[in-house]
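*Asks:* Sequence:
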Amino acid sequence: MSIEVKVPQLPESVADATLVNWHKKAGDRVERDENLVDIETDKVVLEVPAPASGVLKSIKVEDGTTVTGGDVIAILEEGEGGGESAPAEAKPEEKKEAPKAEEEESAAAGKPLSPSVRRLVEEHELDPAKIRGSGKDGRLTKADVLQFIEKGGKEEKPAAKTAAPAAAPRATGAREERRVPMTRLRARVAERMMEANNETAMLTSFNEVDLSAVMELRRKYKETFEKQHGVKLGFMGFFVKAAIEALKKFPVVNASVEGNDIIYHDYFDIGIAVSTPKGLVVPVVRDADQLSLAGIEQAIGDYAKKAREGGLALEDITGGTFTITNGGVFGSLMSTPILNRPQSAILGMHAIKERAVVVDGQVVARPMMYIAITYDHRIVDGKEAVLTLVTIKEMLEDPARFLIGV
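In this text, residue positions in the sequence shown follow the working numbering: the first is 134, and each later residue adds one.
Derived by calculation from the structure, the hints in this document are not laboratory data. Worth double-checking, as some hints may not be accurate.
Here are the simulated EDC-like pairs of lysine to aspartate or glutamate, each with C-alpha atoms no more than 16 Å apart in a straight line [what the hints assert, rightly or not]: (1) K190 <-> E210; (2) K486 <-> E310; (3) K486 <-> E341.
Estimated spans, in silico, between C-beta atoms of each pair [as the list claims (entries may be wrong)]: (4) E310 <-> A276: 30 to 38 Å; (5) D514 <-> G367: 26 to 34 Å; (6) R251 <-> G367: 30 to 38 Å; (7) D260 <-> S186: 33 to 41 Å; (8) R474 <-> E359: 53 to 61 Å; (9) A276 <-> G160: 44 to 52 Å; (10) G444 <-> A334: 30 to 38 Å; (11) A320 <-> A346: 36 to 44 Å.
On a predicted model such as this, the values are computed, not experimentally measured, just so you know. Where a beta carbon is used, it is the ideal one built from N, C-alpha and C, also for glycine.
Take these sequences, add in the hints, and give me the full structure.
*Replies:* Structure below.
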């Protein structure tokens, strides 16, 4: 029986998508739920699974084509037949041996690459031989490559070029350029940044926070915390908790603008900005005020893993009432974060540096962090923004306040 393979229904906020990369070709045998093709929206990359086991009879839409929800992109012939690649008279041994030989030949030349992995490797100019594969027979998976990139694997690329020293002078007149089109995600990020810049009245306030108390809590309880909850005790959970306490005091900072209306939210869906090889995404921790510190850390860890592996769903990054971004992981000492519209504010974290500060009349060294809040001055007054930042500072410098609610 022939089955139509269709583009999944897209949310109302997503008009169309781009068919990025087929993992199978016409005539290939596929298994139910096996990923057939990647489809990129302006927010995430979606996988289209095979609706049944069978043979991919024909492909209707080629790579790079713009598609919409419900479009037919391929025809699948359910069952054993339907393609020359799976003849009825073929012996089981023949079906197994050919792919195995192909794998061995490919592995002998390096790492066998699937189309999606090959695209990542080429985009980031990586040497596949430097990446350890976790797939069958040592094959590289998409997650292997993304993890390698996250760990700074791109910096190791010059070592693979033995034909010419890294410091060799460029040949006279060799001034090369490369023109690479933006991915849909990068283009959408650029569009949203310009919208925020052009359509809001952004202003940023700064403060600094002494993280001695938080760091002492982490030092004292991190091992017990991890054993009991199965997740590491990080800094982000403390910042989420502190931000929620501040948002409760100043609800307009947790609000959004819609035309001439201010939409106040009586819930706290906190977006955590995550950098991925494809661009910035902001997965949302829903009802964060109802979660424990461990629950927040678990949610953040799960989203970070999904983001690295390209597994975020549209519902994971939709909505949010307030955003936190941490430039400190890259070494940023101070910055002015850009609003994540239509939210009215965003909190920026930065690198922790030991600095000399005056405490009780004495100059002492303390682990300090500059924090910033960028806000939409159309609805948030400077007083509310500054006091929000002060509240976050007070909560972090005395975390016991989380427990007694003061």
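*Asks:* If any of the earlier hints don't hold here, list their numbers in rising order.
*Replies:* Checked against the structure, the hints that fail are numbers 2, 8, 9, while the rest are satisfied.
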